[in-house]
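*Asks:* Knowing the structure of chain A, use the given hints to seat chain B on it.
Protein chains: 2
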Amino acid sequence: MGHDAFTALKRGSATGLPTSTTTTTTTTTRGRTTATRGKQIKKTFNNLKLTILCGFVTILVLRGTVGIGGLTGSPDADVNAQKIAEETNRILAEIRSDDEPSDPNEPPEPDINPNVTYTLGPKISNWDYERKSWLAKNPEFPSHINGKARVLLVTGSPPKPCDNPIGDHYLLKSIKNKIDYCRIHGIEIVYNLAHLDKELAGYWAKLPLIRRLMLSHPEVEWIWWLDSDALFTDMVFEIPLWKYNNHNLVIHGYPDLLFDQKSWIALNTGSFLFRNCQWSLDLLDAWAPMGPKGPIRDEAGKILTANLKGRPAFEADDQSALIYLLISKKDEWMDKVFVENSYYLHGYWAGLVDRYEEMMEKYHPGLGDERWPFVTHFVGCKPCGSYGDYAVERCLRSMERAFNFADNQVLRLYGFRHRGLLSPKIKRIRNETTTPLEFVDRFDIRHSTRGGQSGL
Amino acid sequence: MGHDAFTALKRGSATGLPTSTTTTTTTTTRGRTTATRGKQIKKTFNNLKLTILCGFVTILVLRGTVGIGGLTGSPDADVNAQKIAEETNRILAEIRSDDEPSDPNEPPEPDINPNVTYTLGPKISNWDYERKSWLAKNPEFPSHINGKARVLLVTGSPPKPCDNPIGDHYLLKSIKNKIDYCRIHGIEIVYNLAHLDKELAGYWAKLPLIRRLMLSHPEVEWIWWLDSDALFTDMVFEIPLWKYNNHNLVIHGYPDLLFDQKSWIALNTGSFLFRNCQWSLDLLDAWAPMGPKGPIRDEAGKILTANLKGRPAFEADDQSALIYLLISKKDEWMDKVFVENSYYLHGYWAGLVDRYEEMMEKYHPGLGDERWPFVTHFVGCKPCGSYGDYAVERCLRSMERAFNFADNQVLRLYGFRHRGLLSPKIKRIRNETTTPLEFVDRFDIRHSTRGGQSGL
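These protein sequence lines map, in sequence, to chains A and B. Numbered continuously in our numbering, the first sequence closes out at residue 1320. Numbered continuously in our numbering, the second sequence closes out at residue 1320.
Chain A on its own, in the form it takes in the complex (with noise of 0.2 angstroms):
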């Protein structure tokens, strides 16, 4: 089933996984010697595209610095340049490569048994107790500021550079959009790099991880999982987190397609948060056992297609693993569970990106929906993976105008905006005043959105 599952890992890519996450799954696999065939020559197809990317590169480049009168170079500074060039090289190489001396102290990876169902640690059964307990022990940590849950985001990317040279930048643009958004609502950050755990690479990725920061994170009321690869693209709008007090798990889907069609794009989890709370622990537990890495993930994969409308045949990827326990459990499960649509809590890019000036005409930040998305998802462009289901030039773009789009409603307050949604390049919309206080007072979003509607 190895080339299956890599088509299918592609075409499922195109229409709902998260793809940051599957990139990891690619990083996290490149060099091990379990690879799959279907792993392999997704691998051998990536390299393939760096080499001929860098080749192009290098035409460019070289025909750039032609273009520049000639090369006014020394020949030290060509040796020179020479030598820097083979050190980055080695260096790349170096931290791109899996093979690092493991540490003698440190135990052998686990075999998982297949017959033994697998856990996320030991079975936690009182977290609610706990939690509370500890709460009332330490008043500085209060799960609520002025009435206000805290809310922790959770974001991240694989641990080592993006196989796309240009992903990096866009992770970097990404972090940089989540910073000033969590700022001016008062929300934490926690941006992971590493592998906690080996059998949950790729997109399981999250599940250990947003138990792991619930555990050690007891002040925390509400964990919300963020793909690397979605952004902000309304700064104003906020959760509204008083709809959610019955429930602990707040995911954007349609309540039809998930269970009049059991489809496997009901629910995205690129987006979505967990109240701190023994249920959200058990659900985690529950979720887990389709995770492991191999044969387990492989198998469950297979039921996973037979059960739901339009998944392709590849391994278990967490989105269809929640969905099928939502259905297959729902009596279990689904009072807690918030399937939210009224507004982008997750908003598809594709039919967003192209309306952003429509939007800037028509509507203004604070609405978060189809006027004007709270969350622009690029699901299939993979910017750091050296494949994407989209034209890369589309994804590149779509992502350059969201961001810009998102970094406008942020410039506002400092008297600037993009010259264009495509530029990086930013202009003055006022005159630098003598009295900057009142710009504050109209334009500073926190004071706005107090103020309930933004008027920006």
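Worth flagging that the hints you see were computed from the coordinates, not collected in a lab. Treat the hints loosely; a few may be bogus.
Stated by the list, open to error - Calculated pairs, DSSO-like style, for lysine-lysine (alpha carbon to alpha carbon, straight line, at most 27 angstroms):
{"hint": "1", "chain 1": "B", "residue 1": "K1289", "chain 2": "A", "residue 2": "K1024"}
{"hint": "2", "chain 1": "B", "residue 1": "K1291", "chain 2": "A", "residue 2": "K987"}
{"hint": "3", "chain 1": "A", "residue 1": "K1289", "chain 2": "B", "residue 2": "K1024"}
{"hint": "4", "chain 1": "B", "residue 1": "K1200", "chain 2": "B", "residue 2": "K1173"}
{"hint": "5", "chain 1": "A", "residue 1": "K1024", "chain 2": "B", "residue 2": "K1291"}
{"hint": "6", "chain 1": "A", "residue 1": "K1012", "chain 2": "B", "residue 2": "K1001"}
{"hint": "7", "chain 1": "A", "residue 1": "K1194", "chain 2": "A", "residue 2": "K1173"}
{"hint": "8", "chain 1": "A", "residue 1": "K1062", "chain 2": "B", "residue 2": "K1289"}
{"hint": "9", "chain 1": "A", "residue 1": "K996", "chain 2": "A", "residue 2": "K1012"}
{"hint": "10", "chain 1": "A", "residue 1": "K1012", "chain 2": "A", "residue 2": "K1200"}
{"hint": "11", "chain 1": "B", "residue 1": "K1289", "chain 2": "A", "residue 2": "K1001"}
{"hint": "12", "chain 1": "B", "residue 1": "K987", "chain 2": "A", "residue 2": "K1291"}
{"hint": "13", "chain 1": "B", "residue 1": "K1107", "chain 2": "B", "residue 2": "K1193"}
{"hint": "14", "chain 1": "A", "residue 1": "K1126", "chain 2": "A", "residue 2": "K1166"}
{"hint": "15", "chain 1": "B", "residue 1": "K1193", "chain 2": "B", "residue 2": "K1012"}
{"hint": "16", "chain 1": "B", "residue 1": "K1107", "chain 2": "B", "residue 2": "K1126"}
{"hint": "17", "chain 1": "B", "residue 1": "K1062", "chain 2": "A", "residue 2": "K1291"}
{"hint": "18", "chain 1": "B", "residue 1": "K1024", "chain 2": "A", "residue 2": "K1024"}
{"hint": "19", "chain 1": "A", "residue 1": "K1062", "chain 2": "A", "residue 2": "K1024"}
{"hint": "20", "chain 1": "B", "residue 1": "K1193", "chain 2": "B", "residue 2": "K1166"}
{"hint": "21", "chain 1": "B", "residue 1": "K1012", "chain 2": "A", "residue 2": "K1012"}
{"hint": "22", "chain 1": "A", "residue 1": "K1193", "chain 2": "A", "residue 2": "K987"}
{"hint": "23", "chain 1": "A", "residue 1": "K996", "chain 2": "A", "residue 2": "K1200"}
{"hint": "24", "chain 1": "B", "residue 1": "K1001", "chain 2": "B", "residue 2": "K1012"}
{"hint": "25", "chain 1": "A", "residue 1": "K996", "chain 2": "A", "residue 2": "K1173"}
{"hint": "26", "chain 1": "A", "residue 1": "K1226", "chain 2": "A", "residue 2": "K1291"}
{"hint": "27", "chain 1": "A", "residue 1": "K1289", "chain 2": "B", "residue 2": "K1062"}
{"hint": "28", "chain 1": "B", "residue 1": "K1024", "chain 2": "A", "residue 2": "K1291"}
{"hint": "29", "chain 1": "B", "residue 1": "K1226", "chain 2": "B", "residue 2": "K1062"}
{"hint": "30", "chain 1": "A", "residue 1": "K1062", "chain 2": "B", "residue 2": "K1291"}
Said to hold, decoys possible - Derived coverage of chain B by chain A (criterion: at least 3 residues anywhere in the stretch with Cβ under 8 angstroms from a Cβ of chain A; other residues may be distant):
{"hint": "31", "segment": "1033-1046"}
{"hint": "32", "segment": "1076-1084"}
{"hint": "33", "segment": "1268-1278"}
{"hint": "34", "segment": "1292-1299"}
What the hints assert, rightly or not - Beta-carbon label-pair distances, calculated as ranges:
{"hint": "35", "chain 1": "B", "residue 1": "P1119", "chain 2": "A", "residue 2": "N1109", "range": "53 to 63 angstroms"}
{"hint": "36", "chain 1": "A", "residue 1": "T1298", "chain 2": "B", "residue 2": "N1109", "range": "26 to 36 angstroms"}
{"hint": "37", "chain 1": "A", "residue 1": "D1218", "chain 2": "B", "residue 2": "D992", "range": "45 to 55 angstroms"}
{"hint": "38", "chain 1": "B", "residue 1": "N1295", "chain 2": "A", "residue 2": "P1003", "range": "24 to 34 angstroms"}
{"hint": "39", "chain 1": "B", "residue 1": "H1008", "chain 2": "A", "residue 2": "I1167", "range": "56 to 66 angstroms"}
All residues carry an ideal CB built from backbone N, CA and C; glycine is no exception.
*Replies:* The following block gives chain B in isolation, referenced to the frame of chain A:
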């Protein structure tokens, strides 16, 4: 003086320029018709290096590809790969290029008149009063929270992808490191990716940015500039703001180097704090006039080189200009400047990165000085530029070590550490338990710092 300026700029950064921002200069000036010959030579060298780098990567990756059981890809895969590569290059070129259609509504760039002193904006003279009354009117945005002054950490990097592809990966690791420190210590972050002022490009860009942030964030008491190539390496240490109650600028340096030797590296402008007050606005105004690109900056550079010990001949940089201002107008400014060297507000990397193992053996975080440096600053490395003063390999290794050294202090709460200071991989340092909260009380830095020493 073109060639002088180039070689000088190179030597210069080797001995103390904020390199990330130096890189910005390179980026900004690329393709400018007004570029001096020195800049052109530099640009040509950079392109040449990128060319050769890509050549090597091509060979490197091609070898890797062939290594994996030959080219298993089908013909259409090749075509597909080639198409993607072409697209990526087009976008890369477009995003890097400077030739965006400038907005017709936009006023033309003002020509700087050398006879008129450059200013950062209209003179603001009553900021202390204005800010004070604003704070009184907006009690929900206090400048102090639980007695702690509100601090805004400001950093940034060029708007465009790095010339050296791995540079963006280290910018990502650098901001992840800052996100961790600032989450733990309740500091807000602004990450700047834009050029606010065309004239003050490069290492001067921080001046208009800091002024703008003071005026847009009256609730912020201290604005802390930190270069993108500086990493927090003591996640426990906190700046002793109480020491600076009577000061408005805190900067790392040595008074004897400053006033006795008039050394151009007496202070380092890679990490410093400004109080949000009239005095700081005035100092920025007095600091800025040497900044405008072109003849003014070039001429000012000659004055600085003539007056500062050890300064090579090159255009005026923000660090030399500040040193020169404080030396020549000591009585006017110094009583409000705190020259700090009791801990590493800026720590020069070369002397520190090889001692991390020794530090871990002998000391613990929270000291902030040579025993456990608060900040490790990679002066002269320019990971984002394609040119560095130190061997690229040594820089990348050292940055990787510094990042992991710091990350171990963060991962401890979660029960992990890096396999080695050069490894992006992590390993467990304790088993999962059913009573995780005991570890929160023991290892959450925010708890330990309250209790004074950390025991980390």
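*Asks:* Among the hints numbered above, which are violated by the structure, and what are their numbers in rising order?
*Replies:* Structure breaks hints 11, 15, 25 and 29.
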